[in-house]
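Here's the letter readout for the chains.
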Amino acid sequence: MTDSNNVVWLGAPSFPDAAREALADTQLRTNLRKATGTIRDKRLAVTAELDDWEQLRTAGKALKRRTLRHLDHHLVRLEEAVTKAGGQVHWAADAAEANRIVTALVKATGQTEVVKVKSMVTQEIALNEALAEEGVSAYETDLAELIVQLGDDRPSHILVPAIHRNRAEIRDIFRREMGKWGRPAPEGLTDRPRDLAEAARLHLREKFLRAKVAVSGANFAAADTGTVGVVESEGNGRMCLTLPETLITVMGIEKVLPSFEDLEVFLQLLPRSSTGERMNPYTSMWTGTTEGDGPQDFHLVLLDNGRTATLKDTVGRQALACIRCSACLNVCPVYERTGGHAYGSVYPGPIGAVLTPQLVGVEHAESLPFASTLCGACYDACPVKINIPEVLVHLRAEVVEAKRAKGRVPTPEALVMKAAASVLSSPVKLSAVQRLAHPAARLVSRRGTIGNLPGPLGRWTRTRDTAVPPKESLRAWWRRTRGGREGSK
Amino acid sequence: MTTRDTVLGRIRAALADVPASEGPDDVPVPRDYRRSHAEPDAVAQFAARVADYRATVTRTTDADARVTVAARLAARGLRTLVVPDGFPAGLLPEGGGWTVLRDEPPLSVAELDAAEGVLTTAALGIAVTGTIVLDAGPGQGRRALTLLPDYHLCVVREDQIAGDVPEALGRVDARAPLTWISGPSATSDIELDRVEGVHGPRTLDVIVVGGE
Numbered sequence: 000m001t002d003s004n005n006v007v008w009l010g011a012p013s014f015p016d017a018a019r020e021a022l023a024d025t026q027l028r029t030n031l032r033k034a035t036g037t038i039r040d041k042r043l044a045v046t047a048e049l050d051d052w053e054q055l056r057t058a059g060k061a062l063k064r065r066t067l068r069h070l071d072h073h074l075v076r077l078e079e080a081v082t083k084a085g086g087q088v089h090w091a092a093d094a095a096e097a098n099r100i101v102t103a104l105v106k107a108t109g110q111t112e113v114v115k116v117k118s119m120v121t122q123e124i125a126l127n128e129a130l131a132e133e134g135v136s137a138y139e140t141d142l143a144e145l146i147v148q149l150g151d152d153r154p155s156h157i158l159v160p161a162i163h164r165n166r167a168e169i170r171d172i173f174r175r176e177m178g179k180w181g182r183p184a185p186e187g188l189t190d191r192p193r194d195l196a197e198a199a200r201l202h203l204r205e206k207f208l209r210a211k212v213a214v215s216g217a218n219f220a221a222a223d224t225g226t227v228g229v230v231e232s233e234g235n236g237r238m239c240l241t242l243p244e245t246l247i248t249v250m251g252i253e254k255v256l257p258s259f260e261d262l263e264v265f266l267q268l269l270p271r272s273s274t275g276e277r278m279n280p281y282t283s284m285w286t287g288t289t290e291g292d293g294p295q296d297f298h299l300v301l302l303d304n305g306r307t308a309t310l311k312d313t314v315g316r317q318a319l320a321c322i323r324c325s326a327c328l329n330v331c332p333v334y335e336r337t338g339g340h341a342y343g344s345v346y347p348g349p350i351g352a353v354l355t356p357q358l359v360g361v362e363h364a365e366s367l368p369f370a371s372t373l374c375g376a377c378y379d380a381c382p383v384k385i386n387i388p389e390v391l392v393h394l395r396a397e398v399v400e401a402k403r404a405k406g407r408v409p410t411p412e413a414l415v416m417k418a419a420a421s422v423l424s425s426p427v428k429l430s431a432v433q434r435l436a437h438p439a440a441r442l443v444s445r446r447g448t449i450g451n452l453p454g455p456l457g458r459w460t461r462t463r464d465t466a467v468p469p470k471e472s473l474r475a476w477w478r479r480t481r482g483g484r485e486g487s488k
Numbered sequence: 000m001t002t003r004d005t006v007l008g009r010i011r012a013a014l015a016d017v018p019a020s021e022g023p024d025d026v027p028v029p030r031d032y033r034r035s036h037a038e039p040d041a042v043a044q045f046a047a048r049v050a051d052y053r054a055t056v057t058r059t060t061d062a063d064a065r066v067t068v069a070a071r072l073a074a075r076g077l078r079t080l081v082v083p084d085g086f087p088a089g090l091l092p093e094g095g096g097w098t099v100l101r102d103e104p105p106l107s108v109a110e111l112d113a114a115e116g117v118l119t120t121a122a123l124g125i126a127v128t129g130t131i132v133l134d135a136g137p138g139q140g141r142r143a144l145t146l147l148p149d150y151h152l153c154v155v156r157e158d159q160i161a162g163d164v165p166e167a168l169g170r171v172d173a174r175a176p177l178t179w180i181s182g183p184s185a186t187s188d189i190e191l192d193r194v195e196g197v198h199g200p201r202t203l204d205v206i207v208v209g210g211e
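Keeping their order, the protein sequence lines are chains A and B.
When we follow numbering that gives the first Met the number 0, the leftmost residue of the first sequence carries the number 0, and every step to the right adds one.
When we follow numbering that gives the first Met the number 0, the leftmost residue of the second sequence carries the number 0, and every step to the right adds one.
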């Protein structure tokens, strides 16, 4: 499932194919509409409380720019600070190397199980699968990730990964699977969210209490102090970060921040953009190790895995500023209808459409830059002002260029565009086409819309309905109603 | 060549467009955002914002603090209560129906899991976000103490309440293990229905002490 560049799931159905299936799933669309609408409203309410929200966004963007333009400097400082505080720093060029490092660290403890805090980066490198191959069981402890793991499923949203599941499905998964992983679901488990959360609490608590090794991601790390932080809601993060003897944190190199003080911007931007709360219930920050409190062995794995290649692109590098809040998913009309699975990547939605092709190379994800209407809602929502439409357009050009370089035959789009250019440049041709359009369209329309067309237009129309053109064009209407009367104002 | 050299080398090559004369601090960061969004009465705002998370908030005076603590604990009907070192003796009620557990020598995770509640102070509070910040200082204990028992009663003094996040960050020691708590443990992972209490304490009680 991991491709040559080690970001999981690519090579799954391309976006248009996966999207068509998702669009036919009415349950999924209902769940998504409710979820994205709810989070959107909450986010708008709490961001409106801060009258300097735009200044905070600008500062967030500038801080990320400051970090990325001197990334080497900040990483070296972070390494020094973490080491000085009693932690160990490891560097990984790609997913395989990161997985090898983590596996070796786990094995050195003599343990065969680890508890995990929800993290995008360990999904990106398929760490759980890599550990399983070496005989280590990795238990996801975030409720949604637990649902996904027990259901042998994939996350579909950055913040609420199991949003595609309803309560009855979750109850069935718990009843069927919990016993295979540990404490079984209680007898007579209902589908009330409170009961389901309680079942998860009981199931996971025995794992927390015996866990000796934990694996987490990081929301940020301050280069000046070496402080690493994780934000969460449930307390499973605190369990993993506090109770085990060994803590292994995997962090993308772009997550470093120049200073601890910079958190004053991100701890305001992140919770409000993400869950629509003024602050998430729990934020844990630790600096190396503390005697008598928490893990006594701390390892920080700094991961590249396509990030330096992304950094090289002066337009595309802004995607590395992403703080994984998922605000762009919740405002995206494409995501709201297709859900996260259609993107075929751990990073779905608008940010996934720009981040994934850059991390793996556009040639491995060439449909993703087109999985957008370019409406710009994601840019407006982004707390660090990533100009996602700009990067999408930039990557589209790269995809076209890559196809052209491969010497493929002209695409249907190219042929259509060429024909359109010829028609639009000639008034005579245009009115001839317009005269023919209505009768022709009526032949293929149903209830006023044109659906699936055969032939070269098939790929365009398969996922789009078009309105039937009006009987009369504007130009014809103008001639009929105002013809010869221009002078009689 | 180590992976460290490889990755740092790739970063430097990728940043060829950054002029050599530009230093890390030369990239400007406009800091014209507000230092605080707190209301004039930050203490009242703190109490209201903590309560917004469905935590219980009680305001009391120095003179009544001990009685208030006793009343909150009695209302829970606790049998075992963890009290970290350094918790002010004057605030700890005597008697009551509970057994006080001290973390010296350190309690095992099983003992902590079996304990029904924990009573702590805090390093500070944040008015705008309704957050209490623990830094493992006196009266707060190590992090596991406020995590495993199902009930957390936290005493915050009015003069510990910071207006907003920037001020709070300026007042803590980054090198201490920090836990920021905003309401009880919560999840919205099932159909976005909010449920309090998944893994952390299901109930958070805050007592704000000060004034007349």
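Fair warning: there could be bad hints in the mix.
[To be verified] Some but not every residue of chain B turned toward chain A, in silico, with C-beta under 8 angstroms: (1) G96; (2) L100; (3) E103; (4) L106; (5) A135; (6) P137; (7) P165; (8) D188; (9) E190.
[Unchecked claim] Just a few of them, taken from the derived set where beta-carbon distance is under 10 angstroms, the chain B residues facing chain A: (10) L7; (11) R58; (12) D61; (13) D63; (14) R65; (15) V66; (16) L91; (17) G95; (18) V99; (19) V108; (20) E115; (21) L146; (22) L177; (23) S184.
[Claimed, not checked] Derived CB-CB ranges, DEER-like: (24) B:P105 to A:E132: 33 to 41 angstroms; (25) A:G181 to B:A43: 27 to 35 angstroms; (26) B:E103 to A:K33: 28 to 36 angstroms; (27) A:R458 to B:S35: 53 to 61 angstroms; (28) B:E110 to A:W180: 50 to 58 angstroms; (29) A:E133 to B:P105: 47 to 55 angstroms; (30) B:R34 to A:G375: 49 to 57 angstroms; (31) A:V392 to B:R34: 32 to 40 angstroms; (32) B:S35 to A:V314: 55 to 63 angstroms; (33) B:E38 to A:R458: 34 to 42 angstroms; (34) B:P137 to A:S136: 22 to 30 angstroms; (35) A:E362 to B:D4: 54 to 62 angstroms; (36) B:G89 to A:D152: 34 to 42 angstroms; (37) B:R34 to A:T313: 32 to 40 angstroms.
No lab work stands behind these hints: they were computed from the structure.
Computed from a predicted model, the values in this text were never measured in an experiment.
Ideal Cβ placement from N, Cα and C applies to all residues, glycine included.
Cross-check of the supplied hints:
1. G96: Since the shortest Cβ distance to chain A is 25 angstroms, the answer is violated.
2. L100: Violated, because the Cβ-Cβ distance from L100 (chain B) to chain A comes to roughly 17 angstroms (cut-off 8 angstroms).
3. E103: At 11 angstroms from the nearest chain A Cβ, E103 (chain B) fails the 8 angstroms test, so the hint is violated.
4. L106: violated (12 angstroms)
5. A135: Holds, because the Cβ-Cβ distance from A135 (chain B) to chain A comes to roughly 6 angstroms (cut-off 8 angstroms).
6. P137: violated (14 angstroms)
7. P165: holds (4 angstroms)
8. D188: Holds - the Cβ of D188 (chain B) comes within 8 angstroms of chain A, reaching about 4 angstroms at its closest.
9. E190: holds (6 angstroms)
10. L7: At 5 angstroms from the nearest chain A Cβ, L7 (chain B) passes the 10 angstroms test, so the hint holds.
11. R58: violated (20 angstroms)
12. D61: violated (28 angstroms)
13. D63: violated (29 angstroms)
14. R65: violated (28 angstroms)
15. V66: violated (29 angstroms)
16. L91: Interface hint status for L91 (chain B): violated (22 angstroms vs cutoff 10 angstroms).
17. G95: Where the cut-off is 10 angstroms and the nearest Cβ of chain A is about 27 angstroms from G95 (chain B), the hint is violated.
18. V99: violated (20 angstroms)
19. V108: holds (5 angstroms)
20. E115: Not OK, violated: E115 (chain B) not within 10 angstroms of chain A, min 15 angstroms.
21. L146: Where the cut-off is 10 angstroms and the nearest Cβ of chain A is about 5 angstroms from L146 (chain B), the hint holds.
22. L177: holds (4 angstroms)
23. S184: Interface hint status for S184 (chain B): holds (4 angstroms vs cutoff 10 angstroms).
24. B:P105 to A:E132: 33 to 41 angstroms: holds (37 angstroms)
25. A:G181 to B:A43: 27 to 35 angstroms: violated (46 angstroms)
26. B:E103 to A:K33: 28 to 36 angstroms: violated (50 angstroms)
27. A:R458 to B:S35: 53 to 61 angstroms: holds (55 angstroms)
28. B:E110 to A:W180: 50 to 58 angstroms: violated (26 angstroms)
29. A:E133 to B:P105: 47 to 55 angstroms: The hinted range 47 to 55 angstroms is violated for E133 (chain A) and P105 (chain B), with Cβ atoms some 33 angstroms apart.
30. B:R34 to A:G375: 49 to 57 angstroms: violated (31 angstroms)
31. A:V392 to B:R34: 32 to 40 angstroms: holds (38 angstroms)
32. B:S35 to A:V314: 55 to 63 angstroms: At 37 angstroms between Cβs, range violated.
33. B:E38 to A:R458: 34 to 42 angstroms: violated (57 angstroms)
34. B:P137 to A:S136: 22 to 30 angstroms: violated (40 angstroms)
35. A:E362 to B:D4: 54 to 62 angstroms: Between E362 (chain A) and D4 (chain B), where Cβ atoms are some 28 angstroms apart, the hint is violated.
36. B:G89 to A:D152: 34 to 42 angstroms: Once the Cβ atoms are compared, 54 angstroms apart, the range 34 to 42 angstroms for D152 (chain A) and G89 (chain B) is violated.
37. B:R34 to A:T313: 32 to 40 angstroms: Holds: the Cβ-Cβ distance is about 34 angstroms, inside 32 to 40 angstroms.
The earlier numbered hints that this structure contradicts are 1, 2, 3, 4, 6, 11, 12, 13, 14, 15, 16, 17, 18, 20, 25, 26, 28, 29, 30, 32, 33, 34, 35 and 36.
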